[in-house]
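Enquirer: Going down the list, the protein sequences come from chains A and B.
The numbers in our numbering rise by one with no breaks, and the one at position 44 of the first sequence is 68.
The numbers in our numbering rise by one with no breaks, and the one at position 237 of the second sequence is 1046.
Please note: incorrect hints may appear among the correct ones.
Reference excerpt, derived from the structure (chain A facing chain B, CB under 8 Å, subset only) [what the hints assert, rightly or not]:
#1 TYR115
#2 ILE141
#3 THR142
Simulated from the structure, these hints should not be mistaken for laboratory data.
Bear in mind that the values here come from a model prediction, so they are computed numbers and not experimental data.
Don't be surprised by glycine CBs; every beta carbon is placed ideally from N, CA and C.
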Amino acid sequence: MSNEHSMRRVTAIRNGTVIDHIPSGQAMRVLEMLGISGETSVPVSLVMNVPSKKMGLKDIIKVEDRELTQSELDRLALVAPDAHVAIIRAYSVAEKLTINLGEEVVNVVRCTFSNCITTNLREPQPHRLRVVKRDPLQLRCHYCGRPQDLDELARNVL
Amino acid sequence: MAGLITMDDLTNEQILEILSDAERLLPVARGELYLPLLQGRILGNLFFEPSTRTRMSFETAMKRLGGDVVNLGDVKTSSVVKGETLFDTIQMVDGYTDIIAMRHPRQGAAQYAQDAARVPILNGGDGAGHHPTQTMLDLFTIQQAHGRLEGLKVVLAGDLRYGRTVHSLSHALVRFGCDLVFASPDLLKMPEEIVSDLRAHGANVLETEDLYSSMAEADVVYMTRIQKERFADEDEYARCAGAYKLHARHLADVKQDMIVMHPLPRVDEIDPTVDATRHARYFEQAFNGVVARMALLCRLLGVTVPADVTAEGGAL
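Go ahead and model the full structure; you've got the sequences and the hints to work with.
Expert: In structure tokens:
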């Protein structure tokens, strides 16, 4: 099935954001990281496990009437660093956003280790997670050095 | 100025240089010679968690070298109890002192303090994280006994999950090509990420619950206390406490020059019958805390330890 076919599985959106090339099965995690739940009032379409030339299988998310901000892109980088993000205005791609996962993730999420010094949220220094490996993603806290539990990260978004 | 947060802050060459400085400082540590290399310098002792040996040996080390010490004192009566952040405490002590020795119950606190401070931080233990100054005195003790660090077989036993001393020590020993045996109850196994880190560095690591049969080929047996304060669950503690009780009779078939070490305090993991054997080294190890910390204080304050301390030092 062509990429075009995959994209058309859900209706084209007028205004909003399309997140394409999400690793298959990760769409729910992306929504969680972006804080989009059933209680969010904007329409959200989600397609999972559709064929992709590049990835074999992939997920796609379309969020209507909402444009992702830089801090949301930073969060997305932790779940789908190679995803393609397009801002749609009047049914056309108005902007393509780039996701950057640098060597360190600063003030995006806090360390998942319960006894880390940074669990005291009154401490003013930045939350810093080092990117140890990109594929699969491995993060360690700059302060306590503990590997991060990626399933927990969405609960620790700042 | 850089401090000492984990053993990764030192190269093998620097470790050996510091151990050599420590060796030369022995007569000063014993009080046989007065050598005020750190006169006019002030150490800030920030112990947010109880400590006897580490705090006292830092204080002794500083004073033997002619320096002075200010203490945070009891956390219960300090501004910490009023809700002061670690960041603010460090800003204050940073202005009062030339170097800070710190212990904190939260992991990562030492790195956090170093990022906030201008003066060097010596990590005296951060939660279940690292305890590099203990590692330096452990390495000094091992080198004293065996004349080398390379290629030894070291058994680390007891609480390997929460014991920060064994975390720092195993990283350092692997860098010197030592073979490691981790002997612990299943609940207190060395954290998986540490074992995989060590193996990634090419270490030969064996995990077992059987301490006694792993001792025959060992050059060092490093015992640790099962730390009651690290258990949230009383029942879990009861199941692990008393897992190992090293008695003199267990030492019949060990190597002649094998040494038994322990960071102290001990509870009942080393029976007093071991104290009188040729293998017991834990009290010398505790004394070595002074000399190792003297060498570290000099190094981090940029003070060179003279090649011939006898020529430079005076009588007390």
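Enquirer: The structure should be examined with respect to each hint, and the outcome stated for every one.
Expert: Hints versus structure:
no., hint, result
1, TYR115, "48 Å, violated"
2, ILE141, "4 Å, holds"
3, THR142, "7 Å, holds"
Comparing the model with each numbered hint stated earlier shows that hint 1 is the single one that does not hold.
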